[in-house]
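Peer 1: Go ahead and model the full structure; you've got the sequences and the hints to work with.
2 protein chains.
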Amino acid sequence: MSEKITVEKKVLSENDKLAADIRAQLKARGIVALNFVSSPGSGKTTLLEKTLGALNNELRIGLIAGDVQTENDANRLKAAGGKMVRPIVTGGACHLDAKMITRVLPELDLDQIDLLFIENVGNLVCPSSYDLGEDMKVVLISTTEGDDKPLKYPGMFRRSSVMVINKIDLLGSSDFDMNRVKANARSINADLRIFEVSCRTGQGLKTWFEWIKNLKAAED
Amino acid sequence: MSEKITVEKKVLSENDKLAADIRAQLKARGIVALNFVSSPGSGKTTLLEKTLGALNNELRIGLIAGDVQTENDANRLKAAGGKMVRPIVTGGACHLDAKMITRVLPELDLDQIDLLFIENVGNLVCPSSYDLGEDMKVVLISTTEGDDKPLKYPGMFRRSSVMVINKIDLLGSSDFDMNRVKANARSINADLRIFEVSCRTGQGLKTWFEWIKNLKAAED
Numbered sequence: 001m002s003e004k005i006t007v008e009k010k011v012l013s014e015n016d017k018l019a020a021d022i023r024a025q026l027k028a029r030g031i032v033a034l035n036f037v038s039s040p041g042s043g044k045t046t047l048l049e050k051t052l053g054a055l056n057n058e059l060r061i062g063l064i065a066g067d068v069q070t071e072n073d074a075n076r077l078k079a080a081g082g083k084m085v086r087p088i089v090t091g092g093a094c095h096l097d098a099k100m101i102t103r104v105l106p107e108l109d110l111d112q113i114d115l116l117f118i119e120n121v122g123n124l125v126c127p128s129s130y131d132l133g134e135d136m137k138v139v140l141i142s143t144t145e146g147d148d149k150p151l152k153y154p155g156m157f158r159r160s161s162v163m164v165i166n167k168i169d170l171l172g173s174s175d176f177d178m179n180r181v182k183a184n185a186r187s188i189n190a191d192l193r194i195f196e197v198s199c200r201t202g203q204g205l206k207t208w209f210e211w212i213k214n215l216k217a218a219e220d
Numbered sequence: 001m002s003e004k005i006t007v008e009k010k011v012l013s014e015n016d017k018l019a020a021d022i023r024a025q026l027k028a029r030g031i032v033a034l035n036f037v038s039s040p041g042s043g044k045t046t047l048l049e050k051t052l053g054a055l056n057n058e059l060r061i062g063l064i065a066g067d068v069q070t071e072n073d074a075n076r077l078k079a080a081g082g083k084m085v086r087p088i089v090t091g092g093a094c095h096l097d098a099k100m101i102t103r104v105l106p107e108l109d110l111d112q113i114d115l116l117f118i119e120n121v122g123n124l125v126c127p128s129s130y131d132l133g134e135d136m137k138v139v140l141i142s143t144t145e146g147d148d149k150p151l152k153y154p155g156m157f158r159r160s161s162v163m164v165i166n167k168i169d170l171l172g173s174s175d176f177d178m179n180r181v182k183a184n185a186r187s188i189n190a191d192l193r194i195f196e197v198s199c200r201t202g203q204g205l206k207t208w209f210e211w212i213k214n215l216k217a218a219e220d
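Chains Z and E, in that order, are what the protein sequence lines are.
Reminder that position 79 of the first sequence reads as 79 in the working numbering, one-by-one numbering, no gaps.
Reminder that position 188 of the second sequence reads as 188 in the working numbering, one-by-one numbering, no gaps.
Just so you know, these hints were derived from the structure itself, not from any lab.
Computed from a predicted model, the values in this text were never measured in an experiment.
Take the hints with a grain of salt, since some may be wrong.
[Claimed, not checked] Taking lysine-lysine and the DSSO-like style, the derived pairs with C-alpha atoms no more than 30 Å apart in a straight line are:
no.: 1; chain 1: Z; residue 1: K99; chain 2: Z; residue 2: K206
no.: 2; chain 1: E; residue 1: K50; chain 2: Z; residue 2: K182
no.: 3; chain 1: E; residue 1: K78; chain 2: Z; residue 2: K182
no.: 4; chain 1: Z; residue 1: K9; chain 2: E; residue 2: K17
no.: 5; chain 1: Z; residue 1: K17; chain 2: E; residue 2: K9
no.: 6; chain 1: Z; residue 1: K17; chain 2: E; residue 2: K10
no.: 7; chain 1: Z; residue 1: K78; chain 2: E; residue 2: K206
no.: 8; chain 1: E; residue 1: K99; chain 2: Z; residue 2: K10
no.: 9; chain 1: E; residue 1: K17; chain 2: E; residue 2: K27
no.: 10; chain 1: Z; residue 1: K10; chain 2: E; residue 2: K182
no.: 11; chain 1: E; residue 1: K182; chain 2: Z; residue 2: K99
no.: 12; chain 1: E; residue 1: K10; chain 2: Z; residue 2: K9
no.: 13; chain 1: Z; residue 1: K10; chain 2: E; residue 2: K27
no.: 14; chain 1: E; residue 1: K50; chain 2: Z; residue 2: K10
no.: 15; chain 1: Z; residue 1: K50; chain 2: E; residue 2: K78
no.: 16; chain 1: Z; residue 1: K99; chain 2: E; residue 2: K10
Peer 2: Below you can see the structure in the form of structure tokens.
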């Protein structure tokens, strides 16, 4: 399969060039971009809904929501108050790539955006290889998924700057151990910033919102 | 990216040839093979542990456990009584393919096996494209993942014969709706056989075990 690997390298190097262009465009306007990645069902859309609800009046948030099929997530984000939301339906592809972002970016008025949130396809493997021009990747993990996931999907946790542990209201309903998941994640990536939240009860979300606000403040 | 698509087609067609060989080998020995697929953390390994615990004395079960990194799952299955367990560490690849199965199959004594369970990499997208020579794919979904997953990842639900809804003990802890998930899944694949289980409390597992036993009986 050396032919496959060669083509894959070429695709990735083309992707990196486009991602660098995106990064330059965003940087020039002082936009902070986060690429949200996780398994299907960890709660990316819900976290973004809550974040919109809390910060929509203070910050101008652009959103790109990727899914294999359906525009469900984009529609949820619009309903949650998202004013600048673009869906990407990958039609089978297991990740977003920089080309897809390049295509939808002109549909967002970048001069009217402070923060850009990109919600990737639910997949703990493939999206880790594709730079989208973001400032950082935010990986979500929910307490119902098992605390060994950082060890089993190390690429994603290595390439993320932030880990959000969601569904902490369900702690105790499985043998998920908070200390163990943190130790596992930090054995892969010692610099990982960690948040513990429940999007359902709201626990921990205030700290998360403050961090998001400070991101923008630090950029200004 | 037409070059990428051409190479991908070639890879898939090579995969299909190897998968046909595997299928023929298994068929010749009357082995029933199931390919277990799901998001990370839906409970594939736990379902297999419980199934081994219940049926290990009646049926000879071979297991192939795939992971991106670590042999954790294979080790758990051995600890649960699995006598013929082979790990596959994909080293970054987001799915198992027929070549990987072809490589480990000689390490299992096929004359001593009634059922072959293959636990795929946790990923709701990519494993759907790769035939491993199985009789059927079994897709797991847990109640904590959201009931819209069949619509958002239709390929996997279309190519599966069976859907196991796991973690039904956590129903009510989210807005997951059992009727909705079934309707969503059947809108993609009307023939899907559905089981509802909790690997934690044991609810529904007896029906699942009976079905597994009948698979083998039907083959004899």
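Peer 1: Sort out whether K78/E lies within 30 Å of K50/Z, counting only the CA atoms.
Peer 2: With a Cα-Cα distance of about 42 Å, the restraint between K50/Z and K78/E is violated, given a limit of 30 Å.
Peer 1: Could you grab the alpha-carbon distance between K10/Z and K27/E and see if it respects the 30 Å cut-off?
Peer 2: With Cα atoms ~40 Å apart, K10/Z and K27/E exceed 30 Å; violated.
Peer 1: Would you mind confirming whether the straight-line C-alpha gap from K78/Z to K206/E stays at or under 30 Å?
Peer 2: 44 Å, violated
Peer 1: Would the pair K99/Z and K206/Z pass a check requiring their Cα atoms to be no farther apart than 30 Å?
Peer 2: Measuring from Cα to Cα gives roughly 34 Å; hence the hint is violated.
Peer 1: Quick one, are K10/Z and K182/E close enough, alpha carbons at most 30 Å?
Peer 2: 41 Å, violated
Peer 1: Given the hint that K182/E pairs with K99/Z, does the C-alpha gap stay at or below 30 Å?
Peer 2: Violated, at about 35 Å.
Peer 1: Please work out if K78/E and K182/Z have their alpha carbons no farther apart than 30 Å.
Peer 2: 26 Å, holds
Peer 1: Need the status of pair K99/Z, K10/E: alpha-carbon distance at most 30 Å?
Peer 2: Roughly 24 Å separates the two Cα atoms, so the pair holds.
Peer 1: Does K182/Z lie within 30 Å of K50/E when you go C-alpha to C-alpha?
Peer 2: 28 Å, holds
Peer 1: Would you check the hint for K10/E and K9/Z, treating anything up to 30 Å between C-alpha atoms as holding?
Peer 2: Holds: K10/E and K9/Z sit about 17 Å apart, inside 30 Å.
Peer 1: Is K99/E close enough to K10/Z, meaning Cα to Cα at most 30 Å?
Peer 2: 24 Å, holds
Peer 1: Is the Cα-Cα distance between K17/Z and K9/E 30 Å or less?
Peer 2: 26 Å, holds
Taken one by one, the earlier hints fail for this structure at numbers 1, 7, 10, 11, 13, 14, 15, listed in ascending order.
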